[in-house]
Amino acid sequence: MDKTVVVGMGSCGIAAGANKVYQALNNYVLQLPKVEFELKKTSCIGMCFKEPLVEVIDKTGSYLYGNVTPELALQIIETHINNNTPITQFIVSSNVIEAPQNYYFDLQKKVVLANCGVIDPESISEYQNRGGYVALKTIVSSGLSDVDIIEEIKKSGLRGRGGGGFSTGMKWQFAHNNKSDDKYIICNADEGDPGAFMDRSLLEGDPHSVIEGMIIGAYAIGANRGVIYCRAEYPLAIKRLNIALSQARKIGFLGENIAGINGFNFDIYLKEGAGAFVCGEETALIASVEGERGMPRKRPPFPAESGLWRKPTNINNVETWANIPVIIRNGASEYAKLGTENSKGTKVFALTGKIKNGGLVEVPMGITINDIIYKLGGGIKGDKKFKGVQLGGPSGGCIPAHLGDTIVDYDSVNKTGAIMGSGGMVIMDETTCMVDVARFFLDFTYKESCGKCTFCRIGTKRMLEILERITNGHGKDDDIDTLQTLGQQIKESSLCGLGQTAPNPVLSTIRYFRDEYEAHIHSKKCPAKSCRPLLTYIVDKDKCIGCTVCARNCPSNAIDGEPKKIHFIRQNDCIKCGICFSKCKFDAIQLL
Amino acid sequence: MRVQRIALKPDLTSNSIDVDLSLLQPLVQKYKGKKGIAISLLQGAQDIYGFIPAIVFEYLSQETGIELSTLFGVATFYTQFRLKPVGKNIIKVCHGTACHVQNATAVGEAIQEILNVKDGETTSDSLFTLESVACLGCCSLAPVMMIGSDTYGNLDATKAGKIIKEYQKEETN
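Line by line, the protein sequences give chains F and R. According to my numbering, the residues represented by the first sequence are 1 to 592, in order. According to my numbering, the residues represented by the second sequence are 1 to 173, in order.
Hints are supplied without guarantee of correctness; some may be wrong.
[To be verified] Here are the computed lysine-lysine pairs in the DSS-like style, where the Cα-Cα straight-line distance is at most 30 angstroms: (1) R:Lys-165 with F:Lys-585; (2) F:Lys-375 with F:Lys-337; (3) F:Lys-41 with R:Lys-92; (4) F:Lys-541 with F:Lys-525; (5) F:Lys-179 with R:Lys-35; (6) R:Lys-169 with R:Lys-159; (7) F:Lys-311 with R:Lys-30; (8) F:Lys-576 with F:Lys-529; (9) F:Lys-311 with R:Lys-34; (10) F:Lys-20 with R:Lys-159; (11) F:Lys-356 with R:Lys-162; (12) F:Lys-298 with F:Lys-415.
Hints in this document: simulated from the structure, not taken from any laboratory. Only a predicted model underlies this, so the values are computations on that prediction, with no experimental measurement involved.
When you get a sec, could you build the whole thing from the sequences and use the hints?
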């Protein structure tokens, strides 16, 4: 068979209806004694804004169809497969013909996501056909020692992709240096940052790459046990990881004397997290794996010395692990060709918010924020004005539009007051209120604070109260100063990363959008027209024709007026719900 | 703070509901004597009953020797655990960053109004439970909600309302 039809079945694709598309195609296949193509599944292709996606691969090359419905899928079979005529109007990307979204893949550099959306994640042989487990075999064939591998990882310049950006090779070195009979390595797949789904897509799309990375890590560090700590909210990732783990065991890549290396015994088990953002912090994660409340411990001792069950432990994030096989397979110097002086390789971002083309992208370090937003993301939804981008979620900060030429690189991003983070990139436009965004993140960290240390527990609560007061129109003159002082104290005094970074969204929005805070506090106005208590709806006397629609729909009966006469909103009774604004057909309701 | 947010009280009424404790035996067998099992035990119990009845805590504590306070402490720490029975359909409204900046609040409010429940509550006919969650990970479809295992994206208050009403219609038929 020289034709293949591949349906993208990541969580997003399924949410957009990929299951129905697959079922329609599968029914078609089952009905006929013989078909001209092979039907396959893959995971996230990354082009979330065009889901569900179906790729047709024929002798000439690849054609990606977007927004596919079950009906369109059958039409594709009829026209493209059976009659060899691609339906160009529905093709979003192709390596053969011109297509509207070809640029989307041209600008990316897929290293970690190379297999995502290409292979069937439930097939180990498809992973192996694309260079999978070659790195592990290289170790055997070239006789690389544990020290050689650590040196190679150091040379590659790989830094932790979970957000901290610590040198992975150094981290491995620490765990390697601590001698013990039992050592652990952990894959942190507790992706709790709201607005981020890189790790989920990677685990759903290419679970073996993470497992192979962990096996190599275990060999280098001398670990005999591995744990993948994955959010319970990612059922598909858990299912595919379990399949991949049993495949790896069967083939001898997990278990005893792995890949024929005498005495190299290592196995991985999967631990489901139970929902707590703080468990992304290393020591809290360890407490959770031990079955306890996920509360952080004091450091030192660091996990490399005394971690899980008090044994030397090395924790890396999903994306970091997935980089390892690539580095070993292609060599550190090849890997280090990508990126900037101090940030090597690529970074995966989940591009979301007010952006035209939201999705999962992998870009080389060194690309500018503007290029990501305008070239890859296609610009701002509804062509509104770009205001800023939030990086690093609740631990991160904003990069405002005027710093859009900042390059993606750990140090350059840190300079702006934001952090690289794990890869959540939320785009905000002129209608997003930055004070509200800060309040949103503080509300999150306040709720997620484990309560162990006072500064985080009470400090986040006090900051949240102030932000709520400001967005409700009751801000006080010295609130900005208080927020800054409190923020600084919480950063300096909290026990773990959650508290130490919780004030960042507030401090960074004050730094770049102080005028918005001031407008809320002094003029009781929300410039983005987003904070409901600060809005004022009035009737435009020139436009109102007295149709009574607004008065009839007002839930608080705050609009007076007789038919065919100009209406009037009683401000004291108005609950600012905006229903009149959306119901008026004559644009006669104004929002001030 | 987490504990305050969840403010869970054990549902003592659930003791009067028939809880078949024998269902827990395979679970206890699987984990008894191993270390670090509290979360796995509770996850297993919740898979069986849909929530963790008060009597189950006592039973698990007796069988495994883990202190009752430890089990209860773990259950109230993590958002996954429920101490009250839930409705037939669990509605999860996403309040992640991407959903928030695209007005997930309006979606949540619309559903609250239609079902006449607050966040975290179950309708009196036990058909729906409304939950706010931090992130469902389908950010490009924001704002998003999940009902059972079905995800609905690109919502606004009206669309969400329509979907809920369809479910209501189906349930009454």
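Out of the numbered hints, which ones does the structure contradict? Failing hints: none at all.
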